[in-house]
Amino acid sequence: MFKIFEPNKIFQITSRAPRYVLLLFIIVISIGLSEALIFSPEDYKQSHAVRIMYVHVPSAWISLGIFSSITALSICGYIFRNKNFFLISKSLAPSGFILNIIALVTGAIWGKPTWGTWWVWDARITSMLILALFYAMYLITWRIYEDQNKVFKVTTFITVLGIINVPIIKFSVDWWNTLHQPASINILSKNAIHSSMLLPLIIMTAAFALFSLLIFLMKYNTELIKIKNKGLDRL
Amino acid sequence: MINELLFMNGYGAYVISAFAFTLLSFVTLYLIIKDQFVKEQEKFIIKFGSLDYQKAKTAKLQKINKEILSNATIK
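Protein chains in written order, with the working numbering: chain A, 1 to 235; chain B, 1001 to 1075.
Fair warning: there could be bad hints in the mix.
In the DMTMM-like style, the derived pairs of lysine to aspartate or glutamate whose C-alpha atoms are separated by at most 25 Å in a straight line are [said to hold, decoys possible]:
id: 1; chain 1: B; residue 1: K1055; chain 2: A; residue 2: D233
id: 2; chain 1: B; residue 1: K1034; chain 2: A; residue 2: E223
id: 3; chain 1: B; residue 1: K1060; chain 2: A; residue 2: D233
id: 4; chain 1: A; residue 1: K9; chain 2: B; residue 2: E1042
id: 5; chain 1: A; residue 1: K230; chain 2: B; residue 2: E1042
id: 6; chain 1: A; residue 1: K226; chain 2: B; residue 2: E1040
Facing chain A, according to a computed beta carbon distance under 7 Å, are these residues of chain B, among others [unchecked claim]:
id: 7; residue: M1008
id: 8; residue: N1009
id: 9; residue: S1017
id: 10; residue: F1019
id: 11; residue: S1025
id: 12; residue: F1026
id: 13; residue: Q1036
id: 14; residue: F1037
id: 15; residue: E1040
id: 16; residue: F1044
id: 17; residue: K1047
id: 18; residue: I1064
Cβ-Cβ distance ranges computed for the label pairs, FRET-style [claimed, not checked]:
id: 19; chain 1: B; residue 1: L1005; chain 2: A; residue 2: G116; range: 23 to 31 Å
id: 20; chain 1: B; residue 1: T1028; chain 2: A; residue 2: S196; range: 31 to 39 Å
id: 21; chain 1: A; residue 1: I164; chain 2: B; residue 2: M1001; range: 45 to 53 Å
id: 22; chain 1: B; residue 1: I1046; chain 2: A; residue 2: P167; range: 42 to 50 Å
id: 23; chain 1: A; residue 1: H194; chain 2: B; residue 2: N1009; range: 13 to 21 Å
id: 24; chain 1: B; residue 1: Q1062; chain 2: A; residue 2: I144; range: 28 to 36 Å
id: 25; chain 1: A; residue 1: K150; chain 2: B; residue 2: K1060; range: 32 to 40 Å
id: 26; chain 1: A; residue 1: A72; chain 2: B; residue 2: M1001; range: 41 to 49 Å
id: 27; chain 1: A; residue 1: I13; chain 2: B; residue 2: N1003; range: 45 to 53 Å
id: 28; chain 1: A; residue 1: P182; chain 2: B; residue 2: K1060; range: 52 to 60 Å
Calculated directly from the structure, the hints in this document are not laboratory data. Glycine included, every Cβ here is placed at the ideal spot set by N, Cα and C.
Could you build the full structure based on these sequences and the hints that come with them?
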């Protein structure tokens, strides 16, 4: 069932894709930056500080998405005993972690002019910090354990534990009284954001997704070559 | 125009620093991952080069090994 995803078969694609993804990323981020910094309007309440949203929100969205994907892949890898799923998860983690850090730092920068403080221990911000800790634990586990089976077990355990935090992050603004504003974009109901701000947000999200894809491909190729290096030793 | 873009009604420092931090993080991560990739690729080329004729022939039968070699940039 998973034979089409075998590294030997997909390396031909993954080894050539980064250069095209990088080119596409540069084009999309250039459009996104000019939309976000120049063409999009300022907010009537937050003035130009609202522009921080165009880096803060996409990074938060994608880091959450990546962690959910890592969890799903780790569980599938564990159930189906497929090492490639773990390899994909491992390759996704660095960009997810960096985007999580970006969401926290840009959130702090945005907090100062709008709330008057860099940091508050409120539900949304604290749960995002906890997610960063789970990412850190996940990445450290890959570094400290030599035994592959142990790494698979521990990383799956970390992701299963960490995924409990994802709905908490999503609904924290509804469940508790927080300084953080509720979601402005909702798939099921009308958006609370004007289309002139929604467009740059979508473009920046696409750019960040492309960056994550680029990092994933480069990391995945590195991991495959690492395996092949070990294979040459065994010849 | 440029002054207005940078000053942003007094929010310029916040906005520019948020965007600068993001771009700096992107560039740093890209360079780290690229460096890891190049190092691993170089290791592969050195190991492949040290194989004797028969082993190299066996290794070349694998499509993925051929692909790694064909994509490698030799410094």
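Hints the structure fails to honour:
none
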